[in-house]
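All chains should be modelled from the sequences, with the hints used to inform the complete structure.
Quick note, the sequences are listed as chains G and F, same order. Residue numbers are given in numbering that gives the first Met the number 0: position 126 of the first sequence equals residue 125, and the series is strictly consecutive. Residue numbers are given in numbering that gives the first Met the number 0: position 185 of the second sequence equals residue 184, and the series is strictly consecutive.
Think of the hints as simulated: they come from the structure by calculation, not from any bench. Any given hint might turn out to be false.
[Stated by the list, open to error] Using C-beta positions, here's what the derived DEER-type ranges look like: (1) S21(G) / G397(F): 40 to 46 Å; (2) T236(F) / L43(G): 31 to 37 Å; (3) R260(F) / R58(G): 34 to 40 Å; (4) A362(F) / R23(G): 35 to 41 Å; (5) L320(F) / G122(G): 49 to 55 Å; (6) D334(F) / H85(G): 54 to 60 Å; (7) A34(G) / V316(F): 36 to 42 Å; (8) P101(G) / L330(F): 44 to 50 Å.
[To be verified] Covered, in the sense of this in silico footprint (three residues per stretch, anywhere, with C-beta under 8 Å from a C-beta of chain F), are these stretches of chain G: (9) 14–21; (10) 101–112.
In this text, all values refer to a predicted model and were calculated from it rather than measured experimentally. For glycine and all other residues, C-beta sits at the position ideal for the given N, C-alpha and C.
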Amino acid sequence: MAKILIVEDEVNSAQALEFFFSDRGHKVRTAGRAAEAIAAARELAPDVLLTDVLLIGDRDGLAVARELRSSDPRLPVVVMSGLPEHEVRERASGVELFRICPKPLRLREIGTTVEAAVASRLGGGAG
Amino acid sequence: MHDRYVDSEQDDPDERARADPPEDHGRLAELQRLREEAERRARQQAALARLGLSALTEVDLGKVFDAATRTVVETLGVELTKILELLSDGRALLLRSGVGWHEGLVGSATLPSDVGSQAGYTLKSSAPVVVDDLPRETRFSGPKLLLDHGVRSGLSVIVHGRQGPWGVFGVHSRERRTFTPDDVNFVQSVANVIGAAIERGRIAGELSRREQELALRRAEERFRRAERLASVGTLATGIAHEINNPVNSILMTAEAAQMARGREDWPERADRALEIVVREAERCGRIVRDVLDLARPGSPGQAREDLGDVVRRAVDVARNLTKKGGLQVDLELADDLPPVALDAAAVERLVVHLMRNSIEASAAGKARVRVATERAGDDRVRLTVSDRGRGIEPALLGRIFDPFFSTRRTSGGVGLGLSLVHGIVEEHGGAIDVESRPGEGSTFRVELPLAGRPHGAGSAPARISGEASEGAPAERAG
Numbered sequence: 000m001a002k003i004l005i006v007e008d009e010v011n012s013a014q015a016l017e018f019f020f021s022d023r024g025h026k027v028r029t030a031g032r033a034a035e036a037i038a039a040a041r042e043l044a045p046d047v048l049l050t051d052v053l054l055i056g057d058r059d060g061l062a063v064a065r066e067l068r069s070s071d072p073r074l075p076v077v078v079m080s081g082l083p084e085h086e087v088r089e090r091a092s093g094v095e096l097f098r099i100c101p102k103p104l105r106l107r108e109i110g111t112t113v114e115a116a117v118a119s120r121l122g123g124g125a126g
Numbered sequence: 000m001h002d003r004y005v006d007s008e009q010d011d012p013d014e015r016a017r018a019d020p021p022e023d024h025g026r027l028a029e030l031q032r033l034r035e036e037a038e039r040r041a042r043q044q045a046a047l048a049r050l051g052l053s054a055l056t057e058v059d060l061g062k063v064f065d066a067a068t069r070t071v072v073e074t075l076g077v078e079l080t081k082i083l084e085l086l087s088d089g090r091a092l093l094l095r096s097g098v099g100w101h102e103g104l105v106g107s108a109t110l111p112s113d114v115g116s117q118a119g120y121t122l123k124s125s126a127p128v129v130v131d132d133l134p135r136e137t138r139f140s141g142p143k144l145l146l147d148h149g150v151r152s153g154l155s156v157i158v159h160g161r162q163g164p165w166g167v168f169g170v171h172s173r174e175r176r177t178f179t180p181d182d183v184n185f186v187q188s189v190a191n192v193i194g195a196a197i198e199r200g201r202i203a204g205e206l207s208r209r210e211q212e213l214a215l216r217r218a219e220e221r222f223r224r225a226e227r228l229a230s231v232g233t234l235a236t237g238i239a240h241e242i243n244n245p246v247n248s249i250l251m252t253a254e255a256a257q258m259a260r261g262r263e264d265w266p267e268r269a270d271r272a273l274e275i276v277v278r279e280a281e282r283c284g285r286i287v288r289d290v291l292d293l294a295r296p297g298s299p300g301q302a303r304e305d306l307g308d309v310v311r312r313a314v315d316v317a318r319n320l321t322k323k324g325g326l327q328v329d330l331e332l333a334d335d336l337p338p339v340a341l342d343a344a345a346v347e348r349l350v351v352h353l354m355r356n357s358i359e360a361s362a363a364g365k366a367r368v369r370v371a372t373e374r375a376g377d378d379r380v381r382l383t384v385s386d387r388g389r390g391i392e393p394a395l396l397g398r399i400f401d402p403f404f405s406t407r408r409t410s411g412g413v414g415l416g417l418s419l420v421h422g423i424v425e426e427h428g429g430a431i432d433v434e435s436r437p438g439e440g441s442t443f444r445v446e447l448p449l450a451g452r453p454h455g456a457g458s459a460p461a462r463i464s465g466e467a468s469e470g471a472p473a474e475r476a477g
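Listed below in structure tokens is the structure:
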């Protein structure tokens, strides 16, 4: 079981991801906005961040990643986005990403990726 | 002495040879003269050929002038030459180039172009003007310039331009001399080379100007193409992104439902998934319709319409967007409006989009929208759509007309509505103005010219105004 924080402002997409990861036995929290995501992370202390890039509001998913990394430098970040990969990397500006998954997503693939991200963190020996 | 002369004539064989026979002596002199004339002509031809070549290849007109004056000085042995340009007012001739003149005159001295001077007389003559003795000349009084330089003899010809004379070419000598017809031909030929060089320079200048214009036009065209491609790129990215989101939801929702098959809550999960799939597919359809609307060419100014009728039709459409009783419309239509030249279907869409924007900015089922029309000056009408919805965050006001800018993704806003509105206003040569306060509502004012879009009207000015408000939700509202 891993603790997964999902940041996605599309309610239906977020819900599908939540069902999927919950069904696989993980503990899941979802958030639609940056501020909400940062608050949720404080409670959950996630093992992995799965985030969209473009969010409603003035901060994007990569800003969330940057902030969570400042208190948890080994937190793996999986990005899901319809943006071109180079644009995502540009916006990430230095935040190391475990993987960028292009939308539309297939649940099985995103499941494998997120679980690999969790394993990479545990394999690295950090909390 | 006479005898001696005769004697000596008979006795001295050398003397005899020199004098005899008188006819042979004349023939020799004539041959000599012909030979010298032929040599002179050959020198002139060669000099002319060299000058012609330089005039063909030299870009700098000043250098061609210098070469022409040098050629004449060397070939004819004259002391003074001048190239005079007839100035645009036709009343004076400017000393453009020449040799033998006092310092400071070349480039600045002018002569009157009337028939009182040799140059002026030349302009009016169809043939070259030859002067044997200037102080005794009767056709004109030698101009001060020539007399000051002690000129006695001279020869001047017209330098022909594209339309009429360009100026005068003259050669002068301080000693009295007689210019032969060959000299005249030579000087006229040099003048013709000068004229050809001037014309060639003019054409080259014209060509280079046209080339520059063409290059500028090409650069502008490239820029516009790049801009178009950039906006096509923006639009394509926007459409892809907007469609991608509901497609992503449909895909994951359906996949999650498939995976839940066999579980005890499967029927409910499947039902819920189907609902979501239908709603998200509808959203895709809406995006496609809006994109098609955006691409629809407008044809404003085709018909004079009653703006009130157009607004009433739009209100009916907007009412159908909400549940019965969920929308209150305050309609304030001016009854003194003249017919307006407009594309009725487009303006109806404009009103519907503004109303939809207002409805979506308001609390569900409690939308109250005011729609008003009024006269705005002599030649315009104003259409106002206002609400008491969430209002627009000041930081976002400047972006609300951008395609795909939306803060309402989750509630079904696609982000094209206000772009469509802006496009329709632009098509009509009108203007749109927004005023918004977060928490209090927004007012959109559209002004349209009564006469429709004026010819060549550009992009619609959009004015935005709002009030800064800390911590207000970043929602687009209408």
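May I ask you to test the hint 49 to 55 Å on the CB atoms belonging to L320(F) and G122(G)? 54 Å, holds
Cβ-Cβ distance between P101(G) and L330(F): within 44 to 50 Å? With a Cβ separation near 48 Å, P101(G) and L330(F) satisfy 44 to 50 Å, so the hint holds.
Could you say whether the range 40 to 46 Å given as a hint is met by the Cβ separation of S21(G) and G397(F)? With Cβ atoms ~41 Å apart, the hint holds.
Cβ-Cβ distance between R260(F) and R58(G): within 34 to 40 Å? 38 Å, holds
Report holds or violated for chain F covering the stretch 14–21 of chain G, Cβ cut-off 8 Å, minimum 3 residues. With 5 residues in contact (Cβ-Cβ under 8 Å with chain F), the coverage given for the stretch 14–21 of chain G holds.
Given coverage of the stretch 101–112 of chain G by chain F, checked by CB-CB distance under 8 Å (3 or more): With 6 residues closer than 8 Å to chain F, the stretch 101–112 of chain G meets the three-residue bar; holds.
If I claimed the Cβ atoms of D334(F) and H85(G) lie 54 to 60 Å apart, would that claim hold in this structure? 58 Å, holds
A362(F) versus R23(G) beta-carbon gap, inside 35 to 41 Å or not: With a Cβ separation near 38 Å, A362(F) and R23(G) satisfy 35 to 41 Å, so the hint holds.
Against the range 36 to 42 Å, how does the distance between the Cβ atoms of A34(G) and V316(F) compare: consistent or not? 37 Å, holds
Could you check the hint for me, namely that T236(F) and L43(G) are 31 to 37 Å apart, CB to CB? 33 Å, holds
Checked against the numbered hints above, the structure violates none of them.
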